[in-house]
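J.: Here is what each chain is made of, one letter per residue.
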Amino acid sequence: MATVLGTAAGTVGTSAAPPILDVRSLTTTIPTARGTLTVVDDVSFAVAQGECFGLVGESGSGKSMTLRSILGLIPPPGRVASGEVRHAGRDLVRLSQRELNRIRGREIAMIVQDAVSALNPVYRIGRQIGEPMLEHRIVKGARSARARAVALMAKVGIPAPEKRVDDFPHQFSGGMCQRVVIATALACDPGLLLADEPTTALDVTIQDQILKLLVALQRDLGLSLLLVTHDMGVVAQTCQRVAVMYAGQIVELVRTDALFRQPRHPYTAGLLNCVPRLDGPAVRLKPIPGAPPDLAAPPSGCRFHPRCPLATEACRSQRPELVEVAPGHFSRCIRHHEMPPDLWKRLDA
Amino acid sequence: MADAVLPPVKPVLAPPRRRVRWRQHTNMLVGGGILVAILLASIFADHLTPYGPLEQNLRNTLQPPSWAHPFGTDNFGRDIFTRVLHAAKLDLMICFLCVFFPWVLGTALGAVAGYFGGLVETIVMRIVDTFSAFPFLVMAIGIIAILGPGITSMYIALTLAGWSMYARIVRAEVLVVRQSEYVLAARALGYGHVRIMFGHILPNVITPTIIFAMTDIVLVILSTVSLSFLGLGVQPPTAEWGIILNEAKGFLLIAWWMVTLPGIVIVIVGLALSLFGDGVAQWLRERA
Amino acid sequence: MPEPLLQVTGLSKHFGGHRGLVARLGGVPAPRLVAVDDVSFSIARGEIFSLVGESGSGKTTLGRTILRLVEPTSGHIVFDGTDITTLRPAQLRKARRQIQMIFQDPVSSLNPRLTVRQMLGEVLRVHAVRPASQVQARIAELLALVGLPADSIDRTPKHFSGGQRQRIGIARALAVEPRFIVADEPVSAVDVSVQSQIMNLLLDLRERLGLTLLFIAHDLSVVRYLSDRVGVMYLGRIVEVGSRDQLFSAPRHPYTRALLSAAPRPDPNHRATIAAITGEPPSPLNPPSGCHFHTRCPLATDLCRSVAPLPELVAPGHEVRCHHHDHAAVTA
Chain A
1 MATVLGTAAG TVGTSAAPPI LDVRSLTTTI PTARGTLTVV DDVSFAVAQG ECFGLVGESG
61 SGKSMTLRSI LGLIPPPGRV ASGEVRHAGR DLVRLSQREL NRIRGREIAM IVQDAVSALN
121 PVYRIGRQIG EPMLEHRIVK GARSARARAV ALMAKVGIPA PEKRVDDFPH QFSGGMCQRV
181 VIATALACDP GLLLADEPTT ALDVTIQDQI LKLLVALQRD LGLSLLLVTH DMGVVAQTCQ
241 RVAVMYAGQI VELVRTDALF RQPRHPYTAG LLNCVPRLDG PAVRLKPIPG APPDLAAPPS
301 GCRFHPRCPL ATEACRSQRP ELVEVAPGHF SRCIRHHEMP PDLWKRLDA
Chain B
350 MADAVLPPVK PVLAPPRRRV RWRQHTNMLV GGGILVAILL ASIFADHLTP YGPLEQNLRN
410 TLQPPSWAHP FGTDNFGRDI FTRVLHAAKL DLMICFLCVF FPWVLGTALG AVAGYFGGLV
470 ETIVMRIVDT FSAFPFLVMA IGIIAILGPG ITSMYIALTL AGWSMYARIV RAEVLVVRQS
530 EYVLAARALG YGHVRIMFGH ILPNVITPTI IFAMTDIVLV ILSTVSLSFL GLGVQPPTAE
590 WGIILNEAKG FLLIAWWMVT LPGIVIVIVG LALSLFGDGV AQWLRERA
Chain C
638 MPEPLLQVTG LSKHFGGHRG LVARLGGVPA PRLVAVDDVS FSIARGEIFS LVGESGSGKT
698 TLGRTILRLV EPTSGHIVFD GTDITTLRPA QLRKARRQIQ MIFQDPVSSL NPRLTVRQML
758 GEVLRVHAVR PASQVQARIA ELLALVGLPA DSIDRTPKHF SGGQRQRIGI ARALAVEPRF
818 IVADEPVSAV DVSVQSQIMN LLLDLRERLG LTLLFIAHDL SVVRYLSDRV GVMYLGRIVE
878 VGSRDQLFSA PRHPYTRALL SAAPRPDPNH RATIAAITGE PPSPLNPPSG CHFHTRCPLA
938 TDLCRSVAPL PELVAPGHEV RCHHHDHAAV TA
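In order, the protein sequence lines correspond to chains A, B and C.
Oh and the first sequence: position 201 is 201 in our numbering, straight run, nothing missing.
Just add 349 to wherever you are in the second sequence, counting from 1, and you've got our numbering.
Just add 637 to wherever you are in the third sequence, counting from 1, and you've got our numbering.
Check before you lean on any hint, since a few could be wrong.
[Claimed, not checked] From the structure, some residues in chain A lie toward chain C, with a derived Cβ separation under 10 Å: (1) Thr38; (2) Glu58; (3) Asp203; (4) Val204; (5) Gln209; (6) His230; (7) Asp257; (8) Asn273; (9) Pro276; (10) Pro287; (11) Gly290; (12) Asp294.
[Stated by the list, open to error] Some chain C residues near chain A, calculated using beta-carbon distances under 8 Å: (13) Ser830; (14) Ser833; (15) Gln834; (16) Ala895; (17) Leu897; (18) Pro901; (19) Ile911; (20) Ala913.
Read the hints as simulated data drawn from the structure, not as lab findings.
Each residue gets a CB set at the ideal place from its N, CA and C atoms; glycine is no exception.
Input sequences plus hints: build the corresponding full structure.
T.: What follows is the structure, encoded as structure tokens:
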């Protein structure tokens with residue numbers, strides 16, 4: 001079952017080429033004083049070549065942890081307990097830290113939310129962009145690294161790159177720092193970019209610029225992008241396919257347009273329904289009651305059942321599986337076929 | 350209508366039952382255990398040994414350790430074990446008070462300096478700088494030299510020599526907490542300065558000072574003993590560790606036990622305080 | 638037109654300058670930051686007025702100035718007929734019973750050591766809102782009002798989720814029975830699914846208690862959902878103010894239009910109708926001459942570079958600070 005998600009057969013509208021990243025039944029646990037938390041719970045998805053794939057969820061849904069698990073960046077004592085992360089014929093979960101280091105930055109690069117603190121304040125920008133090229137020996141010598149750094153800065157839209165290459169991070173604004181971080185990520189021509197809330201810390205006009213930059217880079221360089229965000233608006237405008245996460249699990253996985261047209265999981269529907277809109281009539285929002293669960297004591301059965309208007313006895317007792325409810329459309333809800341389109345709107349009747 | 354909109358929300362977390370994991374707190378337990386044992390022995394010393402701390406027996410002087418006198422006797426025939434036991438409660442009390450007074454003084458002044466800022470802060474912090482410029486023991490001796498030797502002078506001297514670090518720590522913490530939104534919220538609620546400082550800021554800055562006090566206490570017990578050894582603190586013939594050592598130093602070559610055995614006790618107490626202090630500090634940090 | 642509850646006139650707040658602490662220590666004149674620059678607006682009774690802008694626009698400083706948590710450099714704030722800029726500390730403390738604040742960060746705005754009972758009880762006692770015998774009953778009433786379960790009364794903030802902490806913050810603000818609340822980004826730190834719970838709570842409270850709100854936010858869709866009227870801030874100035882419908886359906890300032898166009902919309906088929914705004918917001922330490930927005934504005938002319946535009950009434954209740962607001966309307 002789960003493998004269907006992972007292969008190109010499950011990715012609607014893409015070529016038959018193997019996916020660049022194929023995550024299968026990934027499970028990550030973190031032992032804490034209050035018990036072992038399963039922060040990533042049996043997560044499977046695949047990112048097709050040249051695709052922008054979104055992981056969307058609220059805080060604690062496991063979206064960032066999934067991203068970190070892929071590159072083996074879970075801080076101990078947390079660890080990937082089981083599952084596979086297949087990339088270019090290898091399983092990243094089984095690689096040693098040293099072998100992973102040859103992939104990190106070189107084949108798979110990552111950009112983080114807080115770009116300002118991701119840059120080392122004591123080094124010049126040019127050196128920070130050039131460092132991964134020297135580390136991975138894709139250029140010879142500091143001079144060619146610097147030349148390539150200038151070219152990359154131009155590519156990510158930093159004005160006057162040959163002047164600014166010798167500036168320090170504090171001379172850059174937040175949006176420019178995020179461009180520098182993106183340039184650093186692109187330094188070794190990676191095929192896959194993991195972006196963890198890359199625009200959350202930015203102002204709305206700058207967020208718009210950075211998202212457009214990421215989409216343009218994905219198109220022009222043939223990059224694949226795995227984008228983690230909490231913002232449905234960001235997903236709608238950048239991602240081709242999206243997985244919605246809740247309490248460590250993927251609850252819905254589908255093409256973005258289908259997700260917004262007809263969500264097949266009550267959580268997704270509720271989430272879409274409780275975001276205020278900039279257009280259309282201003283109607284009163286119907287919030288999802290309650291709050292996301294505590295992972296130390298997750299609800300039995302379906303993790304969403306305490307907040308779900310459709311929940312039945314079966315939802316409380318059985319753990320639902322992610323099933324294909326339409327071609328390429330997966331939902332972890334046993335009542336997906338009974339879900340009315342106006343599920344949340346009817347609540348106050 | 351409103352009920353559908355305002356669903357009653359259950360708190361996500363039940364308050365965790367605090368299980369103290371004793372194995373992680375070996376330091377605190379071992380150190381605390383030794384201290385409690387010594388303190389209890391000192392309080393009930395009259396029942397543990399047949400002698401008094403000042404009881405002389407001139408026919409029985411400079412006896413080496415034996416079953417009757419585990420630590421031997423001194424040049425007046427006093428039982429050294431009895432004297433060391435009786436001294437423990439005095440020394441530990443002095444030590445506790447000489448940490449407590451500077452802690453109170455330093456915390457209060459540091460909090461005032463950090464909270465009000467401006468001229469108040471400048472004045473307090475320059476005084477702090479002046480006091481920290483002298484080495485601890487030199488300053489304590491200097492103050493006793495002015496006030497004259499004695500136990501009260503020692504309290505004053507150790508308090509004046511020790512408060513400045515507490516003031517520094519508290520001021521730095523207050524500067525951070527003063528900016529926090531809950532202090533801003535308290536101001537927005539129209540609370541007065543006293544309420545904000547004691548009710549909202551101090552409880553949130555006190556932990557680091559206790560952690561520092563736990564390391565300070567070892568320095569203070571050694572200073573207490575040193576000052577009395579130098580004849581500046583507690584005065585003979587009171588049973589006190591510094592005095593016991595002072596009186597014994599003349600007999601170093603003919604009665605080794607007079608210095609060595611009380612010395613070992615002082616080392617053990619110092620070690621126990623250190624272990625206990627580390628343990629408490631670790632526990633506080635985990636809790637924070 | 639009825640007398641507004643809050644009337645702000647010519648309000649400015651400058652930070653730093655020659656009197657600043659940095660200058661005193663370093664001996665160099667510190668740069669002067671004009672956080673709020675000659676701002677005027679009024680809020681009617683029972684209204685929700687929103688201030689929207691990006692970081693550095695001065696909206697948070699402006700909100701804090703109204704409670705005098707930050708002292709204004711110049712200008713007047715008249716609340717219900719009283720000029721609160723000139724109140725002495727004792728009178729100010731009384732005035733704070735009328736004006737309360739809800740903070741952005743539900744984690745850091747609650748004292749971590751106090752239980753809900755202690756927190757609310759303290760407010761009630763300090764202001765003697767209720768006789769001592771009724772304090773416990775009032776606490777229970779406040780919890781019910783903000784939708785918290787009664788058994789949460791003896792818990793400290795760490796036992797609550799983000800949304801619940803924000804409810805505690807709201808209960809604390811309501812404890813003194815204020816008539817006016819400044820809400821500084823109250824929903825930007827809570828989860829998406831909880832955001833609408835808090836927004837609906839604010840709307841219900843306004844209805845039930847007859848509150849007036851100044852709502853500060855950066856998220857336009859949240860502002861549209863909650864507000865009756867909206868002011869858009871850019872580098873310390875209000876560049877456009879109008880009713881919600883005027884602002885969202887017929888924005889006249891190029892910056893308002895750019896903000897609306899840049900906001901990500903949860904709709905895969907949405908296409909932006911106007912070109913995205915380029916460049917970054919300039920530093921508030923060194924704002925551009927003339928109209929602050931001219932460095933990023935597609936309509937900028939020499940006039941904009943040299944002369945700061947004054948507010949102009951373009952429709953009843955709709956004011957714009959732009960030399961080219963007619964042009965902006967045409968290209969819409």
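J.: A separate judgement is required for each hint: does it hold in the structure or not?
T.: Against the structure, the hints come out as follows:
no., hint, verdict
1, Thr38, "19 Å, violated"
2, Glu58, "4 Å, holds"
3, Asp203, "4 Å, holds"
4, Val204, "5 Å, holds"
5, Gln209, "7 Å, holds"
6, His230, "6 Å, holds"
7, Asp257, "5 Å, holds"
8, Asn273, "9 Å, holds"
9, Pro276, "4 Å, holds"
10, Pro287, "4 Å, holds"
11, Gly290, "9 Å, holds"
12, Asp294, "8 Å, holds"
13, Ser830, "4 Å, holds"
14, Ser833, "4 Å, holds"
15, Gln834, "4 Å, holds"
16, Ala895, "6 Å, holds"
17, Leu897, "7 Å, holds"
18, Pro901, "3 Å, holds"
19, Ile911, "12 Å, violated"
20, Ala913, "5 Å, holds"
Violated hints for the displayed structure, listed by number in ascending order: 1 and 19.
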